[in-house]
Amino acid sequence: MSNEALHGHSEVVTTHDVHHDEHHVHHHKETFITKYVFSQDHKMIAKQFLITGMVWAILGGLMSVLFRLQLGYPDQTFPWLEDILGRWAKGGKISAENYYALVTMHGTVLVFFVLTGGLSGTFANFLIPLQIGARDMASPFMNMLSYWFFFGGSIVMLSSLFIQTGPFSGGWTAYPPLSALGDASPGSKTGMDLWITAMALFVVSSLLGGLNYISTVLNMRTKGMSMTRMPLTMWALFFTAVLGVLSFPVLLSGFILLLFDRHGGTSFYLSDIYITATKQALPNEGGSAILFQHLFWFLGHPEVYIILLPAMGMASEIISINARKPIFGYMAMVGSIFAITILAFLVWAHHMFVTGLNPFLGSVFVLLTLLIAVPSAIKVFNWLTTIWKANIRFTPGMMFALGFVSLFISGGLTGIFLGNSTLDIHLHDTYFVIAHFHIVMGVSAFFGMFAGIYHWFPKMYGRFMNNTMAYIHFWVTLAGAYLIFWPMHYEGLAGMPRRYLDYSGWESFKHFADLNKFISTVAMIVFAIQLMFVFNFFYSIFKGRKVTTTNPWGATTLEWTTPIRPGHGNWPGEIPEVHRWAYDYSKDGRDFIPQTEPIGPNESHH
Amino acid sequence: MNIVSSRQQKIHPHKFTLWIAIGSIIMMFAGLTSAYIVKGEQPGWTSVVVPKLFYYSTGVMLLSSLTIQMALKSFKERGMQQYRTLLTVTAVLGLLFIAMQIIGFYQLFNSGVKLEGGSGAGQFLYIIFGLHALHVLGGAIALLIMFFKAFSAKIRNYNSVPVEVIATYWHFVDLLWIYLFVFFLWKV
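Quick mapping for you: the protein sequence lines, in order, are chains A and B.
The opening position of the first sequence corresponds to residue 1 in the working numbering, with each subsequent residue numbered one higher.
The opening position of the second sequence corresponds to residue 1 in the working numbering, with each subsequent residue numbered one higher.
Watch out, some of these pointers could steer you wrong.
Said to hold, decoys possible - In silico contact screen, one side only, chain A against chain B (beta carbon under 10 Å); selected entries: (1) 139; (2) 158; (3) 159; (4) 207; (5) 268; (6) 294; (7) 538; (8) 540; (9) 541.
No lab work stands behind these hints: they were computed from the structure.
Computed from a predicted model, the values in this text were never measured in an experiment.
Using N, Cα and C, we set each Cβ at its ideal position, and we do this for glycine too.
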């Protein structure tokens, strides 16, 4: 279906643009530097986050293609690999160190730099002021700093790929002693120092951003925009920021202790270690590697929701708009986001069931973990009831939002398996875990991100993305995601461990050789299609079909009351006042009623 | 266009942002002190004697909290001369506090509490007190910026928000210090 058909709904909104030309149009001069580089406009900062995140996504995705090549074709050599990786792939075969470095960097890059920085950095920045009716963030300067700390962290992380001993290779969770001892592996030397530096910069960026998001949502809402009139995107991004602000500092303190173990000779995480490489016993005593795991997963679990909540919020909004129906159970949606936020802080030890955790404590964490299924199920049923009997418009954004719901269901169900400490004894560190978290937070968060990009691209750049390419992108990615990760469940149930270089030497995993080949092939196809998306994105910025009305999707929210290409300050005149919630679709015989329209005398209550 | 003051606010966004930042800093020190509690119960733990000097630095910190509050009061009453003096006194007390912390570290170090080697309270003390001193240093730098702003003749500033923000932050690092100090006295 083309977007043309949607334009009929937009007359209502254009009335807002009429009465303000006389006011200020923004007086201070903008140079190239202040407009595109050191911009303090939240919309430009959002685009900077998005494009930096996209660069990282391509790099992180490419890493996964490289190590999938090894996993799918362990007996073959690829001479071109030596051309691009040099001595890391001597004879066209990825070395063991490089394999671990690739796996580690793939995880770090995608979890932090793409799905945290790139996702909530982009959409929190872009949507918060526009949807609550604010000129900009509470502190535009801090917001700019947030991006530049992110950029600095990115540069440091990127530079670690090019040093002689290679990037950190001890897994994205950076467990000591691999992360604490330079002698443990080549990647644990300078690569790890750069990793910690980059992550520290990243944490600072997240905190600066998060502080801003929270204080903007709570303090800068326009007149009439009570908390319960906010679109669900705002609630989701708000709680995402709360999670980040409360959990990232704990990770930072964990990193500070790690840094002292590396360079200060302290024993926070190290105890009774003999290194075979240097034939030396270390003086460290009394340290505990489990302590790092506690500090890490106290962030690490909320991090999962930092990644997922923005996708949930955007999917709610996009599904409601394109189903032309109010979101089902608005307050239940808000309540479930809140419940997820609270529970996110109380379940971290489920990552540590097999570390020798007290079984009684383990059972408490099992209970709390399984409780998350309740708010998650509330959200899923509300999405399904929202599209129930709806006259759905299958725009690319809607397709990806529906894809998100599908992936969230299938990935979430396997979480119930893993949340049981008894089952986890068998499933821990197998491909079942890989399959679970890639579907539930990796691919599904990506789908939320794609949905957001396709949906808000007209607001970002004043043009549409190409629909044909978008639909190809959607179907290949959805089918590909299931084809890649579904078989991994079987491998995991059969006990196939993660992070091994070569499975062909194991009798028990030999029969998966063809399956691994299949997975690797699909992974390459899916990666290629993502490049098509990137092409579509940049092509459409310059050549896409122009947006001709302010409200192309017929949405109720405030961002569509701004001009097609809003300047710094968003609204040329007064900020509009809000009179109703964000989900008056198909009400009283009208297709939609914008939030800015006062409640009529004969209007029914929602 | 003044983006911030576009609407009547109940609480200024900058002040509110500070409160969230304080929550964030609390989480960081909560992480460190709970790590301390967890580790303290494990075998091989060694404790330390907290130097007497830290009692005096506590006094300095409390005194500086008093002076920053008086500075805020005189700013609001437009007693600019007094405001500048009190600001200077607070910054000096802050730097004095940091200097005393460093001397305290030397005393500890000379009494044989080293960073290297087996785990113990000393390693945590250096890092936790050190991180706190860094937060005080950040506040002192902000005070110095305020100090130079107060002497610039061109700008007449009647906006008390920056002064209130820095005063709140200063009281926070003061309270944080008291928490950390009592924590160490109690747990060691």
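Hint check results:
Taking 10 Å as the C-beta contact cut-off toward chain B, the hint placing residue 139 of chain A at the interface holds, the least distance being around 6 Å. Given the 10 Å rule on beta carbons, the hint for residue 158 of chain A is violated: about 27 Å separates it from the nearest Cβ of chain B. Taken as an interface hint, residue 159 of chain A does not check out: its beta carbon lies about 26 Å from the nearest beta carbon of chain B, beyond 10 Å. At a threshold of 10 Å, the smallest CB-CB gap from residue 207 of chain A to chain B is about 6 Å, leaving the interface hint in force.
Among the interface hints, the one on residue 268 of chain A holds; its C-beta lies about 7 Å from the nearest C-beta in chain B, closer than the 10 Å criterion. For the restraint placing residue 294 of chain A at the interface with chain B, the shortest Cβ-Cβ distance is roughly 7 Å, inside the 10 Å limit, so the hint holds. Residue-level restraint check for residue 538 of chain A is violated (minimum Cβ-Cβ distance to chain B is 30 Å; threshold 10 Å). Contact between residue 540 of chain A and chain B, as hinted, is not supported at the beta carbon level, the nearest pair being about 30 Å apart and thus beyond 10 Å.
About 26 Å separates the beta-carbon of residue 541 of chain A from the nearest beta-carbon of chain B, more than 10 Å, and the hint is not met.
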